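Guided by the hints, dock chain B onto chain A, whose structure is given.
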Amino acid sequence: MSVPILSLITFLPIIGVFFILSIETKRQELVRVTAMIISSVVFFISLPLYCGFDSRTSDMQFVEKLQWIPSFGIQYHIGIDGISLFLILLTTFITPLSILASWHITKHVKEYMIAMLVLETGMIGVFISLDMFLFYVFWELMLIPMYLLIGVWGGPRRIYAAVKFFVYTMAGSVFMLLAIIGLYFLNHRATGEYTFNLLEYYRLELSFAVQFWLFLAFAFAFAIKVPMFPFHTWLPDAHVEAPTAGSVILAGVLLKMGTYGFVRFCLPLFPEASRAFIPVISWMAITGIVYGALVSMVQDDLKKLVAYSSVSHLGFVMLGVFAFNVQGLEGGIIQMVNHGVSTGALFLVVGMLYERRHTRLIADFGGLTKQMPVFATLFLIVTLSSIGLPGLNGFVGEFLILVGAFKSRILYASIATSGIILAAVYMLWMFQRVMFQEITHEENKTLKDLNKRELVILIPFIVLIFWIGIYPNSFLRKMDVSVNHLLKQIGEKTHIVTNVYTQKKGEQSPANSDLKIDIVSDDKTVW
Amino acid sequence: MTFNILSILPILVLAGFGMLVLVVDVMSARKLGEKNLLAYLSLAGIVIAAIVSRNSTATTLFSFNETFTIDNYALFFNILFLLSTGLVILISHSYIKREDINHGEYYALLMFSTIGMMLMASGADLLNIFIGLEVMSISIYILTGFKRSKLISNEASLKYFLLGAFATGFLLYGISLVYGTTGTIDLRQIASFVAGKGGVKDPLLLMGMGLIIVGLGFKVASVPFHAWVPDVYEGAPTAVTAFMSVGPKAAAFAAFMRIFLTAFGSSHYEWQKAIWILAVLTMTVGNVVAISQTNIKRMLAYSSIAHAGYLLVALVAANNMGVSGTLFYLLAYIFMNIGAFAIVIVLSQKGDVGMNIDDYAGLGFKHPMLAIAMTLFMFSMAGIPPMAGFVGKFYIFSAAIKSGYVGLAIIGVINSVISVYYYLRITVIMYMKEPVRDFHPLTISPLIVVAIAIAVVGTLHLGIFPSKVMEIAQRSILTLR
Chain A
1 MSVPILSLIT FLPIIGVFFI LSIETKRQEL VRVTAMIISS VVFFISLPLY
51 CGFDSRTSDM QFVEKLQWIP SFGIQYHIGI DGISLFLILL TTFITPLSIL
101 ASWHITKHVK EYMIAMLVLE TGMIGVFISL DMFLFYVFWE LMLIPMYLLI
151 GVWGGPRRIY AAVKFFVYTM AGSVFMLLAI IGLYFLNHRA TGEYTFNLLE
201 YYRLELSFAV QFWLFLAFAF AFAIKVPMFP FHTWLPDAHV EAPTAGSVIL
251 AGVLLKMGTY GFVRFCLPLF PEASRAFIPV ISWMAITGIV YGALVSMVQD
301 DLKKLVAYSS VSHLGFVMLG VFAFNVQGLE GGIIQMVNHG VSTGALFLVV
351 GMLYERRHTR LIADFGGLTK QMPVFATLFL IVTLSSIGLP GLNGFVGEFL
401 ILVGAFKSRI LYASIATSGI ILAAVYMLWM FQRVMFQEIT HEENKTLKDL
451 NKRELVILIP FIVLIFWIGI YPNSFLRKMD VSVNHLLKQI GEKTHIVTNV
501 YTQKKGEQSP ANSDLKIDIV SDDKTVW
Chain B
528 MTFNILSILP ILVLAGFGML VLVVDVMSAR KLGEKNLLAY LSLAGIVIAA
578 IVSRNSTATT LFSFNETFTI DNYALFFNIL FLLSTGLVIL ISHSYIKRED
628 INHGEYYALL MFSTIGMMLM ASGADLLNIF IGLEVMSISI YILTGFKRSK
678 LISNEASLKY FLLGAFATGF LLYGISLVYG TTGTIDLRQI ASFVAGKGGV
728 KDPLLLMGMG LIIVGLGFKV ASVPFHAWVP DVYEGAPTAV TAFMSVGPKA
778 AAFAAFMRIF LTAFGSSHYE WQKAIWILAV LTMTVGNVVA ISQTNIKRML
828 AYSSIAHAGY LLVALVAANN MGVSGTLFYL LAYIFMNIGA FAIVIVLSQK
878 GDVGMNIDDY AGLGFKHPML AIAMTLFMFS MAGIPPMAGF VGKFYIFSAA
928 IKSGYVGLAI IGVINSVISV YYYLRITVIM YMKEPVRDFH PLTISPLIVV
978 AIAIAVVGTL HLGIFPSKVM EIAQRSILTL R
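Going down the list, the protein sequences come from chains A and B.
Numbering of the first sequence is given in this note's numbering, commencing with residue 1 and proceeding in unit increments.
Numbering of the second sequence is given in this note's numbering, commencing with residue 528 and proceeding in unit increments.
Same shape as in the complex, but just chain A (with noise of 0.2 angstroms):
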């Protein structure tokens, strides 16, 4: 490639903080504009990597390498394939509509533009970088914005979650760093090439005990970011005390930075170890799911119920990654999508019901259907598409992983499936008590409707969710290459199914008809 596509959008956000930089301070307006034309470009930036990805081969692309750190083997070395390919169009696509979302900030605005500038380049440079070095080097960086965005612009409790946002975080990734620099020994020591190359670790044949302890720590580092069940608790107080789009992001790109590290590092270089932690994590990633939903249905705070049904819809994500066959792991990759976009809106609806009456409280709303119909009709299609409704993108992501569980273990798929159902009690039942029944609260009477600003917010997530739910192949069909790489990686004898898959894919036309077709006959031969 003749233009560094991958430098130009992770670093432009940088050189925006330096225009930003020199704007007054009084000239908020100016400021706002500015964050909102950088990342806006980054975006349209970021679109010729969907249109010249090359699905035909699982090499990394788009690849540019130059020397860094010479003595220590790092380099500055960036690639995408189809696995981080929409988890970087979904952040580059999150972050301008975060900021649009943000326009009311009057606290600060600069240094709010600024934080959010720096957490786009750290969010990107996390899911493009090669190196391990570069990449826990943008692990960390993003971890600086996301903080100061809860502690400065957070609610009344932001201190204390943005601390244990940080702590948390920092406490996973050390651990990642030691491991990361164990797999640097260990890789001299079998080739006598001292480099962080990721593509290089991938060729490393390690025994089982040093992949067990090895897995352990990256894995421990991905699953408080993810987070998964027993590390959860910093997501609902980090959530509730963000600012909308600091929800919105977290929500949407941050946490699919955990499940990213398993899919791209933990399984790829510790299979045997993977392989070993299939019951513990499929067991915490159920016990997620089943917890999540069980205890989002008796939050009375939106934000919260939204937090905690973010550990349910990842603890999905999770058990379809660690179902080892085509249908989880793309499954998981689509829902990681899925899950950004769907989250990412519902977080902005309640943002946008806070900033009309500074009440997160279930109980305060109530009947607005008649007052704010276009905002009801969005809220309704997004609350949907949380659920999983067929034809909106939550369906997909879902039914793909699930197939993929009942491929590997049915008990597994069987109580997560469970997980499906108490969420579709649990969002419509919010849904019925904010937007039906009777108006009790007089405020709520006087309501406006969307605003052209919120519409143009939440229009592009809505034809997303449509988009993916009816014409998923445009996104599998990226992945699929990939997908099958990883497969092939971690040593999988890819099952019957697999095998069923891809013939049915050589029969079919290059067109590709819809993949989800093609595994429910399949399914139903297993069943």
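Hints listed in this document are in silico derivations from the structure and should not be mistaken for laboratory results.
You may find that some hints are simply not true.
[Claimed, not checked] Distance condition first, Cα-Cα at most 20 angstroms in a straight line; then the derived PhoX-like pairs of lysine-lysine:
no., chain 1, residue 1, chain 2, residue 2
1, A, K452, A, K370
2, A, K26, B, K893
3, B, K929, B, K800
4, B, K800, B, K728
5, B, K893, A, K107
6, A, K304, A, K164
7, A, K478, A, K488
8, B, K960, A, K164
9, B, K624, B, K562
10, B, K960, A, K107
11, B, K960, B, K893
12, B, K995, A, K65
13, B, K624, B, K877
14, A, K445, A, K370
15, B, K877, B, K677
Note that the coordinates shown come from a computational prediction; the quantities given were computed from them, not determined experimentally.
Chain B alone, transformed into the frame defined by chain A:
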């Protein structure tokens, strides 16, 4: 008899300028305006000494009957000391004026102390190192009590002096035991003696080694020889505290590594265990106690103890990566720590008022530039990329893992997480608390701005483009064994 004037030229330059400052001070005692001249004169001395040091890089020079050596290792440290002293002079200038201690001796003592450090880094035998340590320490004892009208400063000085003298006694006793068993004080001859015996087996020699560890352990502020640190750091003039927390620590580590890697390098199994324990204690106590501090100087004092602990981890690793990592880390530490102290000085008022961490509430949006700089230093010390402190820690923990000390590395990173808590607290208070006081109109002298700018650039540069300095550090340690 070898004698090479080039080898001690930087020292001569510093000594000359130190005395010049004294003379100029006396001559111009009445004219207060002239006092600015002293700072510039000292800075000129530092710069010239640095230039002279650079010019003698060609080969390893031995001098004074091979008791004094200028190799790349000594050279690296010389530049390091000059850099730290230079930065300290920059931040002192307005501070000593404000505190009414603007005497020429201040600058002279800084320079004399630097001479001591250079001797320590260049000493090829135990006595030279000892003399260097004394020259350095005595100057700092005086500097600690420089606010002579303040009780707290006097107390700190006396405490430091008494405990320091005691520690020096230990060191000297250790040296004499080593001399008694090996018959020499020359590091390389000790090395061949130890190698000939197949390690340190003699209990007397072992004891000598232990006592040297105690003596130097006191100077680097390692636990359990750290009791003096908080009080002395708090009582000393802030600029001197900044000086104490970097220069002498670096010098003591220079001596530590030269003695233990050159002289006792072949028997590292014996001393690694002891240093292992010291490292763990130092990191843990430093970090845990720092959490509960409310005074920023005391917090930085405990944080400096913790950083000594990380550096000891590198010493335990005792491989090339660890030693060059120490050099890198010390350089990074100079930038971030002096930077932090510079901001402490800017934000405090006459009589060192405003040293409580809570006084920083609301700083973030009142003085955004200062707050951003402070945030950088804090995150750097906590080891968050892309700052210098992260690369330093990465370097050191890599060295520990390379030598197989995975447990030590794990304890190290856990400590790192603990430290995040109190470094983060500064940013919490600066950005997330409402101001409790009006920030008096800050009078920021241009010199201190230069110091902060250098520290910021250094912290970021070493964090983002560390490779050049790493290569220099790796080249500097080749003569060590």
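Hint check:
Pair hint K452 of chain A plus K370 of chain A holds up; C-alpha atoms about 19 angstroms apart against a cutoff of 20 angstroms. This hinted pair checks out: K26 of chain A and K893 of chain B have alpha carbons roughly 14 angstroms apart, not beyond 20 angstroms. For the suggested pair K929 of chain B and K800 of chain B, the alpha carbons sit about 17 angstroms apart, so the restraint of at most 20 angstroms is met. Between K800 of chain B and K728 of chain B the alpha-carbon distance is near 15 angstroms, which keeps this suggested pair within the 20 angstroms criterion.
Straight-line distance between C-alpha atoms of K893 of chain B and K107 of chain A comes to about 13 angstroms, which keeps the hinted pair within the 20 angstroms bound. The straight-line distance between the Cα atoms of K304 of chain A and K164 of chain A is roughly 16 angstroms, inside the 20 angstroms bound, and the hint therefore holds. Of the pairs offered as hints, the one joining K478 of chain A and K488 of chain A holds, with about 17 angstroms between alpha carbons and a cut-off of 20 angstroms not exceeded. At roughly 17 angstroms between alpha-carbon atoms, K960 of chain B and K164 of chain A fall within 20 angstroms of each other, so this suggested pair holds.
For the hint pairing K624 of chain B with K562 of chain B, the CA-to-CA distance comes to about 9 angstroms; that is within 20 angstroms, so the pair holds. About 14 angstroms separates the Cα atoms of K960 of chain B and K107 of chain A, which keeps this hinted pair within 20 angstroms; it holds. Between K960 of chain B and K893 of chain B the CA atoms are separated by roughly 12 angstroms; this keeps the pair inside 20 angstroms, and the hint holds. Note on K995 of chain B and K65 of chain A: the hinted pairing holds, with a Cα-Cα distance of about 19 angstroms set against a maximum of 20 angstroms.
Distance check on the hinted pair: K624 of chain B and K877 of chain B sit about 10 angstroms apart at the alpha-carbon level, within 20 angstroms; holds. A hinted pair counts as satisfied when its Cα atoms are at most 20 angstroms apart, and K445 of chain A with K370 of chain A qualifies at roughly 9 angstroms. For the proposed pair K877 of chain B and K677 of chain B, the alpha carbon gap of about 12 angstroms is at most 20 angstroms, so the pair holds.
Violated hints: none; the structure is consistent with every hint.
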